[in-house]
Amino acid sequence: MGKKVGMEVSIAAAEAAALCDVDVVAAYPITPQTHIVEHLSELVANGHLDAEFVPVESEHSAMSVCCGSAAAGARTITSTAAQGLALMAEIVFIASAMRLPMVMLVANRALSAPLSIWNDHSDAMMVRDCGWIQVFCENGQDVYDHVFHGFRVGEDPRVLLPVMINLDGFILTHVIEPMEFWTKEMAKSYLPPFKPVYRLHPDKVVSMGAFGMPEIYAEQKMAHDVALRNSRPVIDEAWDELARLTGRRYSAVEHYKTDGAETLILAMGSLCETASLAVDQMRDGGKKVGLVKLRLWRPFPFAEIRQALAGAKDVVVLDRSVSTGGGSAPVTSEIRAVMYHEPSRPKIHCMIAGLGGRDVTPDDVSNMVDMALAGTGAEYYIYGVRG
Amino acid sequence: MKRHFRDIVPFDQDSADRAIEEGHGLHPLDEYLKPGRIPHIWCPGCGLGVVLTTYIEAIRRKGIPVDKCVVVSGIGCTGRVAGYLDMDTYHTTHGRAIPFATGLALVRPDLHVTVFSGDGDLFAIGGNHLIHGARRNINLNVICVNNFNYGMTGGQAGPTTPVDARTSTTPMGNAEPGFNLPHLAHASGAVYVARWTTFHPRQLVHSITETFDKKGFTFIEVIAPCPTGYGRPNKLGSGLEEMRYYKEMSEVRNGADPSKAEIRLKGKILCGTFINVERPDFLETYNNLVIAKAQGRDKGKAA
Chain W
1 MGKKVGMEVS IAAAEAAALC DVDVVAAYPI TPQTHIVEHL SELVANGHLD
51 AEFVPVESEH SAMSVCCGSA AAGARTITST AAQGLALMAE IVFIASAMRL
101 PMVMLVANRA LSAPLSIWND HSDAMMVRDC GWIQVFCENG QDVYDHVFHG
151 FRVGEDPRVL LPVMINLDGF ILTHVIEPME FWTKEMAKSY LPPFKPVYRL
201 HPDKVVSMGA FGMPEIYAEQ KMAHDVALRN SRPVIDEAWD ELARLTGRRY
251 SAVEHYKTDG AETLILAMGS LCETASLAVD QMRDGGKKVG LVKLRLWRPF
301 PFAEIRQALA GAKDVVVLDR SVSTGGGSAP VTSEIRAVMY HEPSRPKIHC
351 MIAGLGGRDV TPDDVSNMVD MALAGTGAEY YIYGVRG
Chain Y
1 MKRHFRDIVP FDQDSADRAI EEGHGLHPLD EYLKPGRIPH IWCPGCGLGV
51 VLTTYIEAIR RKGIPVDKCV VVSGIGCTGR VAGYLDMDTY HTTHGRAIPF
101 ATGLALVRPD LHVTVFSGDG DLFAIGGNHL IHGARRNINL NVICVNNFNY
151 GMTGGQAGPT TPVDARTSTT PMGNAEPGFN LPHLAHASGA VYVARWTTFH
201 PRQLVHSITE TFDKKGFTFI EVIAPCPTGY GRPNKLGSGL EEMRYYKEMS
251 EVRNGADPSK AEIRLKGKIL CGTFINVERP DFLETYNNLV IAKAQGRDKG
301 KAA
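Those sequence lines, one after another, are chains W and Y.
Numbering-wise, this note's numbering puts 140 at position 140 of the first sequence, and it's gapless, one number per residue.
Numbering-wise, this note's numbering puts 87 at position 87 of the second sequence, and it's gapless, one number per residue.
There's no promise every hint is true.
[What the hints assert, rightly or not] One side only, chain W facing chain Y, incomplete, derived with CB under 8 Å:
hint: 1; residue: Thr34
hint: 2; residue: Glu38
hint: 3; residue: Ser41
hint: 4; residue: Ala45
hint: 5; residue: Pro55
hint: 6; residue: Glu57
hint: 7; residue: Leu111
hint: 8; residue: Ser116
hint: 9; residue: Leu160
hint: 10; residue: Leu277
hint: 11; residue: Gln281
hint: 12; residue: Asp284
[As the list claims (entries may be wrong)] Listed next, the stretches of chain Y that the computed footprint assigns to chain W, with coverage defined by at least 3 CB atoms under 8 Å from CB atoms of chain W:
hint: 13; segment: 34 to 43
hint: 14; segment: 170 to 184
hint: 15; segment: 286 to 293
Because the hints were derived from the structure by calculation, they are not lab data.
Given the structure is predicted, the values throughout are model-derived calculations rather than measurements.
Built from N, CA and C at the ideal position, the CB exists for glycine as well.
With these hints in hand, go ahead and build the complete structure from the sequences.
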């Protein structure tokens, strides 16, 4: 395949959006997302990208602008993180329920308080049920490719849903990684022009965002749920096409050294690369450990997860957010629920680590596996807490 | 496994002890600052130190006990003020300093509540709160440090960025006009409106002391240099050169019409106390009108 070039992941994501020929960019500055939007503004100002760049006055307005432009049939992108996502949350739910395709890059960052600009997944988990297609990326190449994938899936007439691409703040956004880049021709062949099915047009008048009375509200919710679940074949199809085009294969659930593994680690995002190093170490030490990477968070890949975890004795889920006062952290809860009705189910351990930018090293992952197998005696365990 | 963690907040015990025992530390205003939190994070040449000093100087001159002062700030470089002052302070989420301060001022009318925030926080993401705070005439002192961009996130265009100014999101120049802050505050109903630059610390101290005596919503805009975020792309030079620009280009005209106080890129800066009027504040109107009426009705019922 093509030549690998080093580039900051944020800049690469913006370059991917430019290759997708986006029409509207609306965003508000928030760390650690800023480089993505700054680079897009630069591309627009330099005339390399023919798009409207709207420097709005808050994230709430950013998502509102995106809804407006997507409703008018424009290819739309935005980006945010943590507090920004919290502020735009009202409109995030509206974008998906109104079936407005767009792509949002979420540079995952911890929610305040205490105020933190560093990485964890508490922001993404806050909007878990927002009805968007949600993907967690492992590295820079992953982020770059998924911008194309996101537009292709979201705008597909069989889907018509917004797509959220999660990339770990600083850990991914601010590092320079070797990546293979797409050409304009590749982008054109992969991504057809956006042909909106329902849109605001003076010749064909429609009302969007109207009241849903009790007679229709539940039907709408079910229709949205069905649409999100039915997007799965399109997501897979777009990954297949991406593999044909680039040679890189992505799937909803990926495996690393899982053959004959008695213990499986399950992780999302950039932590997967760290965990794969830990798996190498543990395998060298004779432990039968493997790694399951969960890439597609919504729609949740039930069948693949059941299949991936069926043979294991123990599963250690690495969560990067806390469900305060709840049964366990969000990802573990999901996995436990999915496995509950299985005839042979592994013991599922919940390890919470990497909150608010605390480093998680391969040694930490090995430690967590050891601790989980020794038994923590709790539903969930927050790793590395001092004092 | 042994792990080394650095202290969460760098803390200098010696200087803290000295500040407490001798009543002063390395700086005459140290007793107003949280021991161990200095050095601050502001860039060399930033105007925020000047504004913080003038605020402290104003409470010192007025002799207001620290216990009677509260500072509420939003997010951004200016928002850090709440973390440095050794008094009751609150660092709110982005844009929400005024709603928090409103609640505080209504429950504790005996306190001097000062909102310290930047132009982006007060006029973009929190713009709605500012105009309604002024309309209601809540008893708040707002100090808005205007550096014409979002400094903390890397110098993006904001609500005060002048036309044609370059920022990281407007690399070919800004197409949107910026707000004229004194005009907006006046039109929204503020009873005291002033503008100074960081070149005018004496006037600024005087202005802040004046607002402590004022009942109602007061607004002071302080033009401050941001050599890192705004100065560099617009070729304004270092912090010192920006101060020179303020010296040469600012014109003090007390009582001037705030609608004429628009700021252009590298243009003239009109300074002064523009508005100083009397208007019943929210609590006064509420007590005299609503509470009095309600009490009157209760009395009528009892009789």
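Worksheet item: Once the shortest beta carbon distance from glutamine 281/W to chain Y is found, is it less than 8 Å?
Response: violated, 14 Å
Practice prompt. With chain Y as the partner, please determine if glutamate 57/W meets the hint condition of a C-beta pair closer than 8 Å.
Written response: holds, 4 Å
Practice prompt. Would you check whether proline 55/W satisfies its interface hint, that is, whether its CB is within less than 8 Å of any CB in chain Y?
Written response: Where the cut-off is 8 Å and the nearest Cβ of chain Y is about 5 Å from proline 55/W, the hint holds.
Discussion item. Hint leucine 160/W vs chain Y: min CB-CB distance below 8 Å?
Written reply: violated, 30 Å
Practice prompt. Classify the hint on glutamate 38/W as holds or violated, based on whether any CB of chain Y lies nearer than 8 Å to its CB.
Written response: Status holds, d = 5 Å.
Worksheet item: Does leucine 111/W pass the interface check with chain Y, least Cβ-Cβ distance below 8 Å?
Response: Violated: closest Cβ of chain Y sits about 10 Å from leucine 111/W, beyond 8 Å.
Worksheet item: Against chain Y, with CB atoms and a cut of 8 Å, does the hint on serine 41/W hold up?
Response: holds, 4 Å
Fill in: Three-residue Cβ test at 8 Å for the coverage of the segment 34 to 43 of chain Y by chain W
With 0 residues close enough to chain W, the hint is violated.
Worksheet entry | Minimum beta-carbon distance criterion (8 Å), leucine 277/W to chain Y | Cβ of leucine 277/W sits 17 Å from chain Y, so the hint is violated.
Worksheet item: If you look at each residue in the segment 286 to 293 of chain Y, do at least three have a Cβ nearer than 8 Å to any Cβ of chain W?
Response: Violated, because only 0 residues of the segment 286 to 293 of chain Y bring their Cβ atoms closer than 8 Å to Cβ atoms of chain W.
Discussion item. Less than 8 Å between beta-carbons is the criterion; does alanine 45/W satisfy it with respect to chain Y?
Written reply: holds, 4 Å
Practice prompt. Tell me if threonine 34/W is really an interface residue toward chain Y, meaning its C-beta lies closer than 8 Å to one of theirs.
Written response: holds, 5 Å
The structure does not agree with the numbered hints 7, 8, 9, 10, 11, 12, 13, 15 stated previously, though it agrees with the rest.
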